[in-house]
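Following the hints, complete the assembly by docking chain B onto the known chain A.
2 protein chains.
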Amino acid sequence: MADQAFQDYYTDDFSHCYGCGKHNSHGHQIKSYWEGEQSVALFTPKPYHTAIPGFVYGGLIASLIDCHGTGTAAAATYRAQKRPMDSEPVLRFVTASLQVDYLAPTPLDAQLEIRAEVEEITPKKVVIKAQVLAKGIVCAKGRVIAVQMPKTMLNAITGEK
Amino acid sequence: MADQAFQDYYTDDFSHCYGCGKHNSHGHQIKSYWEGEQSVALFTPKPYHTAIPGFVYGGLIASLIDCHGTGTAAAATYRAQKRPMDSEPVLRFVTASLQVDYLAPTPLDAQLEIRAEVEEITPKKVVIKAQVLAKGIVCAKGRVIAVQMPKTMLNAITGEK
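Keeping their order, the protein sequence lines are chains A and B.
Going by our numbering, the first sequence wraps up at 161, each residue one higher than the last.
Going by our numbering, the second sequence wraps up at 161, each residue one higher than the last.
Because the hints were derived from the structure by calculation, they are not lab data.
Remember, it's a predicted structure, so these values are computed and weren't measured experimentally.
Please note that the accuracy of each hint is not assured.
If chains are identical, the list can't say which one is meant, so a pair holds when it fits in one copy or spans any two.
[Said to hold, decoys possible] Think about it this way: if two alpha-carbon atoms lie no more than 30 Å apart in a straight line, the pair counts; the simulated DSSO-like pairs of lysine-lysine are:
{"#": "1", "residue 1": "151", "residue 2": "135"}
{"#": "2", "residue 1": "141", "residue 2": "124"}
{"#": "3", "residue 1": "82", "residue 2": "124"}
{"#": "4", "residue 1": "135", "residue 2": "124"}
{"#": "5", "residue 1": "129", "residue 2": "141"}
{"#": "6", "residue 1": "151", "residue 2": "129"}
{"#": "7", "residue 1": "125", "residue 2": "22"}
{"#": "8", "residue 1": "22", "residue 2": "46"}
{"#": "9", "residue 1": "31", "residue 2": "151"}
{"#": "10", "residue 1": "125", "residue 2": "135"}
{"#": "11", "residue 1": "151", "residue 2": "46"}
{"#": "12", "residue 1": "125", "residue 2": "31"}
{"#": "13", "residue 1": "31", "residue 2": "46"}
{"#": "14", "residue 1": "46", "residue 2": "82"}
Chain A with its partners taken away, still in its complex shape:
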């Protein structure tokens, strides 16, 4: 795995997300890395991330797939443009659509592994497919349609004109 996670390259303005922002002390602060053509993030649920006793609630799984998906979309686009993630112009993606299929109850006492890969990539849109594994079992599959954040929105956040 690389030393730096995708999220480590996010500028401060984009590091407040509950799912993946390093400046969100309440949040999940997930870290995503390339492993060849796949991206991977690891996350250990808290005891209170429960659905029914012993199992992870579905919203957490959706959130992990969502943030790992948009992070992978950005990383894949930088990669397609053959430039590092800390180069300009900044690319950020938002989720247009999220699909999660829950295949098996996800145990709470396990580190979760979120794996994703690019299904389709165009200049403005990236489709990511993902899996969430626990104890070697695929507990959920997901699909994220991530679209590039419009420049007007990027500028509104960073304060640029």
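Below, chain B alone, put in the same frame as chain A:
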């Protein structure tokens, strides 16, 4: 609206969910009510439920649709069976599939209204379609395929044989 929320009828064993369990002090503790053929839940995001500054992160929206959806699935099935939600046998639903389309950035400084209705109901499966509104604008649409929790799993949780 009725006095009691769907979740108020959940037995203690099923009240630990991060999204909707009244015994989960860390969680969202959403409350869902019938309003005619629709069900509605209200939720005020915390300041840290952010995606980018000023807007709600997508995983929260997915979580709200998920828990309101499975709660509505249970309520609709009790209603179809013409019996109250505190009658036996207990019905609980889990999510087989969750789809969320994010239509507009969801403001963080607003009470969110999650509205759902039954699209399809069979004895074992309920399909729910949902909307999340903020300031009168539909920010997200969702669809939950909820399936009845198998009796073996119900019994494992309640300790019955």
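Notebook entry, point to check: Looking at the structure, which of the earlier hints fail to hold?
Noted result: Result: hint 14 breaks, nothing else.
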